[in-house]
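K.L.:
Sequence:
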Amino acid sequence: MNETTTPPFEIKLAVSAEMVEDTLRRLLDTRPLEGEVARPQRLLDAMRHGVLNGGKRLRPFLVLETASLFDAQGEAALRVAAALECVHCYSLVHDDLPAMDDDDLRRGQPTVHRAFDEATAILAGDSLLTYAFDIIADDATLLSAEKRLALTLRLARAAGIGGMAGGQALDLAAEGETLAEEEILRLQAMKTGALIRYACEAGAIIGSGNDADRERLGEFGAAIGLAFQLADDLLDLTASSEAMGKATGKDAAAGKATLASLHGIDWTRAQLRGLVAQARDILAPYGEEAEGLRQAALFVAERQN
Numbered sequence: 001m002n003e004t005t006t007p008p009f010e011i012k013l014a015v016s017a018e019m020v021e022d023t024l025r026r027l028l029d030t031r032p033l034e035g036e037v038a039r040p041q042r043l044l045d046a047m048r049h050g051v052l053n054g055g056k057r058l059r060p061f062l063v064l065e066t067a068s069l070f071d072a073q074g075e076a077a078l079r080v081a082a083a084l085e086c087v088h089c090y091s092l093v094h095d096d097l098p099a100m101d102d103d104d105l106r107r108g109q110p111t112v113h114r115a116f117d118e119a120t121a122i123l124a125g126d127s128l129l130t131y132a133f134d135i136i137a138d139d140a141t142l143l144s145a146e147k148r149l150a151l152t153l154r155l156a157r158a159a160g161i162g163g164m165a166g167g168q169a170l171d172l173a174a175e176g177e178t179l180a181e182e183e184i185l186r187l188q189a190m191k192t193g194a195l196i197r198y199a200c201e202a203g204a205i206i207g208s209g210n211d212a213d214r215e216r217l218g219e220f221g222a223a224i225g226l227a228f229q230l231a232d233d234l235l236d237l238t239a240s241s242e243a244m245g246k247a248t249g250k251d252a253a254a255g256k257a258t259l260a261s262l263h264g265i266d267w268t269r270a271q272l273r274g275l276v277a278q279a280r281d282i283l284a285p286y287g288e289e290a291e292g293l294r295q296a297a298l299f300v301a302e303r304q305n
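Take 1 as the starting number for the sequence shown in our numbering and just add one per residue.
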């Protein structure tokens, strides 16, 4: 698809993804940083394989776009966006392992444990996770110490036991179980929604937004986080493996409870439309400056892969 046929939002998303990928390439350099002894080549290659393999870079886009509401574009926002992508990609590397989801493909390429080995994949994920906090804490992220502390603390809570990792634990424990709707919502708010909410809150922190801004953008992130998971569940039921670049139909095969399987395809599509409308209402105070975020909400709900 070329620029004459690609929708403007997707062009904007691709430009953002390229900027973030360039930042990640710089960060995943072979040269050790002060305090590091060496960067083992095989481990670094596995980290790069897990991170520099395409993808829409939606979470980094949300960091950059929410920061832009406060005129806070620049290297600091890019570094925070890249750090968040390291956390997201670490989670994918570990989720793909045989002990978890046991996937062979990710974005149409062999998963890290297939391209390398399981031990290297575990270490690559560990390294990406810890490096994310290194990136934010570093003085090279040109923000005040107070902002870097807030970003670090919130990321730790979004990624850890009360967020993404906890959500994955609940998801694994729920295989073959019948969950109530509120249990599914809690699981998904943790596993998928926590990092997306963080992405939107982070932009407000970078840009010195007030408490009301942080809360409002966090609510926006929660709405599109749920939309992202609903769309993902819908695609798992309806899309082909070729379109997705990974195996589909695995939730049903594993006996995982999702809202789409609980309520059906038509209900899920109606919920997605409602979440897009909710997201737009949340952004109303920001006027035209938030159009990129409105388009992101629609993109999340209507994505085909």
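FYI, nobody ran anything at the bench for these hints, they're computed from the structure.
Just so it is clear, the structure is predicted and the values come from calculations on it, not from any experiment.
One or more hints might be untrue.
In silico DSS-like pairs for lysine-lysine, Cα to Cα no more than 30 angstroms straight-line [unchecked claim]:
| # | residue 1 | residue 2 |
| --- | --- | --- |
| 1 | K12 | K56 |
| 2 | K147 | K56 |
| 3 | K12 | K147 |
K.L.:
Hints first: check each against the structure and report whether it holds.
P.N.:
Hints, verified against the model:
1. K12 / K56: Holds. K12 to K56 sits at ~11 angstroms (cutoff 30 angstroms).
2. K147 / K56: Holds, at about 27 angstroms.
3. K12 / K147: 27 angstroms, holds
Every hint, counting from the list given before, is met by this structure.
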